[in-house]
Amino acid sequence: MTLSIRIIPCLDVQEGRVVKGVNFKDLMDAGDPVKMAALYDSEGADELTFLDISASSSGRETTLDVVRRTAEEVFIPLTVGGGIRSASDVNALLRAGADKVSVNTAAISRPELIAEISDSFGSQVLVLSVDARRAKTISGFEVTTHGGRQGSGLDAMEWIEQASKLGIGEILLNSMDADGTKLGYDLEMIRAVREISNVPVIASGGAGKLSDFSDALDAGADALLAASIFHFGEYRIKDVKEYLGAAGYSVRQPFNG
Amino acid sequence: MIAILDYGSGNLRSAQRAFAASGADVVVTSDEKICLDAKGLVVPGVGAFQACMRGLLAVNGDEIIRARFAADRPTLGICVGMQILFASSSESSRDGSILPGVGMWNESIARLSAPVLPHMGWNTVESPKNSVLFRGISEESFYFVHSFAAKESDAPVVTWSEYGERFVASAEDGSLSATQFHPEKSGGAGLRLIKNWVESI
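Taken in sequence, the protein lines are chains W and X. Numbers given in our numbering equal positions in the first sequence, counted from 1, plus 253. Numbers given in our numbering equal positions in the second sequence, counted from 1, plus 950.
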C-alpha cells in the first residue's frame, strides 16, 4: 500500500473555452473543457486543474457553469484557480463542484486571504500557486505575479513559509524559467521547496521528455502538472504512467471492475 | 431515497452526483425528519474536526445518527464524516476548543505520523472478503485528503491503508459504515463502492 504519484493535466479556460494550443483534432472538439476533462479522466488523470483566465465577470460566471457541468460527469478531484479574491469566491466554486481552489496573485497582495479560506473551508481546499523564477533574493528564487510578467521582490521560500503558517493544503510550484522550454523541471527549485515545506508539492513547468517526470519526483515532488505536452498529444497520460510504473514509482491504474 | 446531510461542509454537489449515478434518488438536506426517514443517510465532511462537529450539532446530526443506528437504518460517513463517528479527536481548533465526537465507536482520531501532510491522493486499500462496501473491488486505489485518522477500530469489518503508518480506511458495523477516503472522488472504483452501499440498503 503506497500513495501513488499524481498526474494532473491543466486546462486554461477563457470565457468557457479551453485556450492555449490544443491539438486533439482527431479525438474531440478541442475547445470544450467538459469534454476534455472527461477524456483525461478516462485516460487515467488523477486530478484535473482548470485555470480560469477570463478577464470579465461574465467569463467567470461561465467558468462556474463549466465546473458544474464537469462535476456532473467527472468523479475525480477538480481544482480551480484564477481570479479568486475572497472566501465567497471560493464558496461559489465549491458549491459548483470544485474540490480545491488555487490562489496566487491575490494572496500575495493580501496574505490574510489564505487564513480566511482555510478557516472557512479547511486548509485542504487551498492550493498555493507559486510562480517563481531565479533572481537575486535570499534563496535565489523570487515570486512573480500576473503569469510571470511581474516580479514581486518577494523571496519564494520566505513566501512559502509565511503562507504555510496561514494554512495551505499543498503547493503548486511553477518555474517561470523552465515553463515552455521543455528542458525539464527546475529541480533545484523543487528541492529547495521540499526542504522547507511539509505539504505536498506539485511540480509544474518544463516537462519535455519522460525522464523529466521521474527527475521531478526524485527531487521531492509529490505530483506532476502539465498542460501543453498532453494537449498536443506528445505524451498520453498512460505513457507517463507506464514509464513511471516501470521505473518503480507507484502509479494508479484505471479501475477495471 | 438517499439523504445527504447538509451541515455546511464541503462539496456536496459531487456527492449528490456520485450517489445519483448509482440510480438512487438523492436529496441534499438538513431537514431532521427527512434525514431520519431516508432509506440511507450520507454524512459528508471536510475541513477541521471541530468545525464539522459544530456544524453537525447545529442540525442535530448527532441525534439523527444515533436514532438511525438504533433503528437499524443505514448511514455512511465520508472523510471527516467518518471521523466524527468516533469518540474524540486530538485535532484542536484555532481557538483551542475540543469537542467530543458522536461516539458511535470508542476509539479516537489522531494525527498521522508522516513527513508530508495532508495525506493527499490515491492510495490502495486492503479489503477483507466479508465487506459489503468492497464487493467486487480488490487492490484498488481511492482518493484521500486528510491529516488525521483512526489507528484502530473494533468494528466487525475494517479495511486498512498506509501512509507513514497503518490507519483505518473504512469500517462497517451493522447499519453504520464509513470511509476515510472520498468514494465520490475515486473514479470507477469509488462509484462501484457507492453502488455496493446503495444496493445493500
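A portion of the hints provided could be inaccurate.
[As the list claims (entries may be wrong)] DSSO-like, lysine-lysine: derived pairs with alpha carbons at most 30 Å apart: (1) X:K1145 - W:K491; (2) X:K989 - X:K1079; (3) X:K1145 - X:K989; (4) W:K435 - W:K288; (5) W:K491 - W:K418; (6) W:K462 - W:K418; (7) X:K1145 - W:K288; (8) W:K418 - X:K1101; (9) W:K418 - W:K389.
Source of the hints: derived by calculation from the structure; they are not laboratory data.
Do the hints match the structure? See the list:
Our distance criterion of 30 Å between C-alpha atoms is met by K1145 (chain X) and K491 (chain W), whose separation comes to about 27 Å. At roughly 25 Å between alpha-carbon atoms, K989 (chain X) and K1079 (chain X) fall within 30 Å of each other, so this suggested pair holds. Between K1145 (chain X) and K989 (chain X), the direct Cα distance comes to roughly 14 Å. Compliance with the 30 Å bound is thereby established for this hinted pair. Distance hint between K435 (chain W) and K288 (chain W) is fulfilled; the C-alpha atoms sit about 26 Å from each other, no more than 30 Å.
Of the supplied pair hints, the one linking K491 (chain W) and K418 (chain W) is violated, its CA atoms being roughly 37 Å apart against a limit of 30 Å. The straight-line distance between the Cα atoms of K462 (chain W) and K418 (chain W) is roughly 35 Å, outside the 30 Å bound, and the hint therefore fails. Distance check on the hinted pair: K1145 (chain X) and K288 (chain W) sit about 25 Å apart at the alpha-carbon level, within 30 Å; holds. In summary, the hint linking K418 (chain W) to K1101 (chain X) is supported, as the alpha carbons are separated by about 27 Å, within the 30 Å threshold.
For the hint pairing K418 (chain W) with K389 (chain W), the CA-to-CA distance comes to about 25 Å; that is within 30 Å, so the pair holds.
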